Amino acid sequence: MELRVTDLTCARGGLPLIEGLSFALGRGEALVLRGPNGSGKTTLLRTLAGLQPALAGEISCPPEQMAYAAHADGLKSTLTVRENLAFWAAIHGLREVGPALEAMNLQDLADRQAQHLSAGQKRRLGLARLMVTGRWLWVLDEPTVSLDAASVALFAGVVRAHLATGGAALLATHIDLGLPEARLLDLSPYKAAIPADLGFGGFDGDNGGAFL
Amino acid sequence: MIALLIRDLRLAFRAGGGFGLGLGFFLILAVLVPLGVGPDPATLGLIAPGILWVGALLACLLSLDRIFALDHEDGSLDLLATSPIPLEGVVAIKALAHWITTGLPLALAAPVLAILLNLATPGFGVLIVSLVLGTPALSMIGAFGAALTVGLKRGGLLMSLLVLPLYMPTLVFGAQAVTRAAQGLDAVTPLLLLAGITAGSVALLPFAAAFALRINLR
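First to last, the protein sequences are chains D and F. According to full-length UniProt numbering, the first sequence is numbered sequentially starting from 1. According to full-length UniProt numbering, the second sequence is numbered sequentially starting from 1.
By construction, these hints were calculated from the structure, which means they are not laboratory data. Just so we're clear, the structure is a prediction, and the values are computed from it rather than from any experiment. Beta carbons are placed, not taken as given, at the ideal position from N, Cα and C, and that holds for glycine. A portion of the hints provided could be inaccurate.
[Claimed, not checked] So the derived label-pair ranges between C-beta atoms look like this:
hint, chain 1, residue 1, chain 2, residue 2, range
1, D, Asp-148, F, Leu-164, 32 to 42 angstroms
2, D, Pro-53, F, Gly-184, 34 to 44 angstroms
3, F, Leu-164, D, Ala-164, 48 to 58 angstroms
4, F, Arg-218, D, Gly-26, 25 to 35 angstroms
5, F, Ala-203, D, Asp-111, 56 to 66 angstroms
6, D, Asp-148, F, Arg-218, 32 to 42 angstroms
7, F, Pro-86, D, Leu-154, 32 to 42 angstroms
8, D, Gly-166, F, Ile-6, 54 to 64 angstroms
9, F, Gly-24, D, Ser-22, 54 to 64 angstroms
10, F, Thr-121, D, Pro-62, 56 to 66 angstroms
11, F, Ala-199, D, Ser-22, 28 to 38 angstroms
[Unchecked claim] Pulled a few chain F residues facing chain D out of the computed Cβ check, cut under 8 angstroms:
hint, residue
12, Ala-3
13, Leu-5
14, Ala-15
15, Gly-16
16, Leu-21
17, Gly-24
18, Pro-39
19, Asp-40
20, Ser-76
21, Ala-81
22, Ser-83
23, Ile-85
24, Glu-88
25, Arg-180
[As the list claims (entries may be wrong)] Quick partial rundown of chain F residues pointing at chain D, CB under 7 angstroms, derived from the structure:
hint, residue
26, Arg-7
27, Leu-11
28, Arg-14
29, Asp-74
30, Gly-75
31, Asp-78
32, Leu-79
33, Arg-154
34, Thr-189
35, Leu-217
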């Protein structure tokens, strides 16, 4: 099983952002997405995760096999760290949260409410959620935001362990993760040309995407 | 799915979760009406079924926008949409959690407030039954309205405008059942219609709401 993306076009707010993107990602591999702000990294990841439809192209891997992590961690401030994690584990049919807590160095915070965590600690909890999904393909949008250097190294170790057990990771990030084995994919060459008739088309059917 | 129900209930009961909000509103409304209308027992008894049902309806409305808005803000909704639970199931469970924390307490508290409003004694049983049968529809229709407006800033007002007209049949049959029972008449027909509306909402609206959520998450 691998992720194979063929000739993908994805749009944000009805405007095509990325065009003709193709890549493959097999088990045990990591792929880092690069590109300036607004180049469509988040849009691509949301499309892969099944949160929005692709305008064209094919994605070989169903969203059910991907664990998606975005800018927001999906934490409830009045639940404790353990309760937050146990909830996501239960949603994915798993029970054990201890190893995930330990891997992200959260075991000392396990009984604290999430509202009392620092931004970096919340992020670590958000990333620990990936480990309780039991899914092989991690789709991560800027996973290292607000992490300190030690936590970034910790996270790189977690990703490496995930790859070693047959997982794969697709990461959008601006910083160096310390994963030398990861391949790089620059999105800038795939930037979609903005249609010239923008704002006028749509009614004649050839630019219907703008009205989706 | 059980995990989601437990989480939502736990969140509702923790600080700031909003449990008791609807109940408190219902209580205050039932206390305010005799102050406004006057203490005449006959008048109060006459309007009691309508006041209690309108109060329950507005109390339900009060906490509706929390159903999805909070999960949308903290990113949980995106993550739930990518989880193994179908979004239809998420909608149904969240509506159920809303009913347990709002509709059910209202139904149980209503007889106490009915005394304040001087409802005729034969109406008490039917009042509870009608609220238990009718409030699930309020939660389910409300979840649909909340799903439609989830991404909007200050969508709560728009949601009220969308949801309140859809509440009309439930209000009509609910209040009618209590009125008839209070007058000593047979209330089975409006209760059956009430149950029918609830059954229809629970069967159909999770799909409509999940569809609306998918569009709003794009």
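Can you list which hints this structure breaks, lowest number first?
Failing hints, ascending: 1, 2, 5, 8, 11, 13, 16, 17, 18, 19, 24, 25, 33 and 34.
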